[in-house]
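Undergrad: In order, the protein sequences belong to chains Y and U. For the record, in the first sequence the residue sitting at position 137 is 177 according to our numbering, with numbers rising by one throughout. For the record, in the second sequence the residue sitting at position 64 is 104 according to our numbering, with numbers rising by one throughout.
Just so you know, these hints were derived from the structure itself, not from any lab. Don't take each hint at face value.
Which copy? The list can't say, so a pair holds if one copy fits it or any two copies do.
Stated by the list, open to error - Here are the simulated SDA-like pairs of lysine to any residue, each with C-alpha atoms no more than 25 Å apart in a straight line:
| no. | residue 1 | residue 2 |
| --- | --- | --- |
| 1 | K44 | D142 |
| 2 | K148 | E75 |
| 3 | K197 | P102 |
| 4 | K148 | P241 |
| 5 | K197 | R129 |
| 6 | K230 | T130 |
| 7 | K44 | R129 |
| 8 | K230 | P145 |
| 9 | K197 | I43 |
| 10 | K148 | R97 |
| 11 | K44 | A108 |
This one's a predicted model, so the numbers in the text were calculated from it and none came from an experiment.
There are 2 protein chains.
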Amino acid sequence: MAIKALLFDVFGTLVDWRRSVAREAQAALAPLGIETDWLAFADAWRGQYQPAMDEVRAGRLPFTKLDALHRRNLDVVLDALALDGVDERTRAHLNLAWHRLDAWPDVKPGLHRLRAHFVVAPCSNGNISLMIDLARRNGFPWDAILGAELARDYKPKPIVYRAAIAAMDCAPDEVIMVAAHASDLAAAAKEGLHTAFVERPEEFGPGRAETLGSVGVDYVVPGITALADRLDA
Amino acid sequence: MAIKALLFDVFGTLVDWRRSVAREAQAALAPLGIETDWLAFADAWRGQYQPAMDEVRAGRLPFTKLDALHRRNLDVVLDALALDGVDERTRAHLNLAWHRLDAWPDVKPGLHRLRAHFVVAPCSNGNISLMIDLARRNGFPWDAILGAELARDYKPKPIVYRAAIAAMDCAPDEVIMVAAHASDLAAAAKEGLHTAFVERPEEFGPGRAETLGSVGVDYVVPGITALADRLDA
């Protein structure tokens, strides 16, 4: 197999959304006198993520960028937790918490090694501006930003993987999809891509590690530098 | 004015397509015994560029990536010059000459300086894979690849500029369009973007320098490092 390009899931696979969002929520809301379990707040916000994208996937909502879905979800979560009195300016700032996530420590060095041998791009459900901000914050050396906004639909819909590989002029079997989630890899494999599962046992908090279940993958690695090792990069 | 991002035209503005295509055409065709004026060959190929995009702009052809338009145009030019006997493999390789263009010498250092202060992205009619290859060859540090393939239409149609600034979450007046062509800058200005004209007197060969005519712009610079100087980058 001659691999030309690697596509990366981002939330969870490359960045620690849970602790980063908890930190950002505390920084934005604690000054308003709000006290809550900030990790649980992050989990509740993330809990609205798939249902919101399902509206787009099912065609009930026209394509809407993740920033806008996150904002709708934030309002839902603030209501659900009865956190009233959060002004518009604070909500708008907090919503961009997802642009200020920190990478797992292996990601920057691993991506730089991989980029010397392969085209590297995110294939994320995050919008382009969000991907730009995460890349600038964390030093991700992307060749291009592919994913939901290019395809105007959300993973794991096939069009998202197809649009990404078409943009790179690759055949499916010239590409590896890299993700910490079995459903993402199962969908990519169905489109003919190779797959690499990145173990991120801390993504959802202690004792909630994602497992592959019955999904078969080509590589299982504990991080992106380990993936570079496996690919001789 | 608070500028957040710079969008760049690529062919002519950042890369010397004429001499690069002439070099690539000679390298591909001379071994077949073909002799011709290689700069004139480049000009003839480029001469088919706007008419081909006009088919898409006018809606007579569904959106078609520039690589595919280039290939159609190459066949037209080979026919017009009565250069028969060029096999399919040679045509396919030569068509990707546009992925192997060399940058003007000021571009790489200028872009790296600008990227430290602004989001930088191409807003080109070239497709994403073409932009990836030019960036890797010439060391362009793009934050994202925007332009025709994202918008699924060709400059100077307004949607191309609008899609690029929307992807960056910018207002039009937070962005500078940088180009060596008056028509591109006039169209961007109409959408509310700031404009910078880059003088590339050699783009079309001696004595054929592009002029601004009556088009007003915010900056006129002899290259990208000079633009970085003007923007204190």
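Undergrad: For the identical chains here, do K44 and D142 meet the 25 Å Cα criterion within one copy, between copies, both, or neither?
TA: Close across copies (22 Å), not inside one copy (27 Å); limit 25 Å.
Undergrad: Under a CA distance limit of 25 Å, which applies to K44 and R129: within one copy, between copies, both, or neither?
TA: between (44 Å within a copy, 20 Å between copies)
Undergrad: For K197 and R129, with the copy left unspecified, which applies at a CA distance of at most 25 Å: within, between, both, or neither?
TA: neither (34 Å within a copy, 35 Å between copies)
Undergrad: Please work out whether the CA atoms of K148 and P241 approach to 25 Å or closer within one copy, between two copies, in both situations, or in neither?
TA: Answer is within; shortest intra-copy Cα gap is 19 Å, inter-copy 40 Å.
Undergrad: When no copy is specified for K197 and P102, does a C-alpha distance of 25 Å or less occur within a copy, between copies, both, or neither?
TA: Classified as both: same-chain Cα gap 15 Å, cross-chain 23 Å, threshold 25 Å.
Undergrad: For the identical chains here, do K230 and P145 meet the 25 Å Cα criterion within one copy, between copies, both, or neither?
TA: Classified as neither: same-chain Cα gap 30 Å, cross-chain 45 Å, threshold 25 Å.
Undergrad: Measure nothing new, just compare the shortest in-copy and cross-copy C-alpha distances for K44 and A108 to 25 Å and report within, between, both or neither.
TA: Answer is between: at 21 Å across copies they meet the 25 Å cutoff, but 33 Å inside does not.
Undergrad: Are the CA atoms of K197 and I43 at most 25 Å apart within a copy, between copies, both, or neither?
TA: within (23 Å within a copy, 36 Å between copies)
Undergrad: Checking an output row: K148 and E75, CA cutoff 25 Å. Within, between, both or neither?
TA: Close neither inside one copy (34 Å) nor across copies (49 Å); limit 25 Å.
Undergrad: Using 25 Å as the alpha-carbon threshold, which applies to K230 and T130: within, between, both, or neither?
TA: Cα proximity of K230 and T130: none, with 42 Å in one copy and 34 Å across.
Undergrad: Reference check for the pair K148 and R97, CA-CA at most 25 Å: within, between, both, or neither?
TA: Answer is neither: 31 Å inside a copy and 40 Å across each miss the 25 Å cutoff.
The earlier numbered hints that this structure contradicts are 2, 5, 6, 8 and 10.
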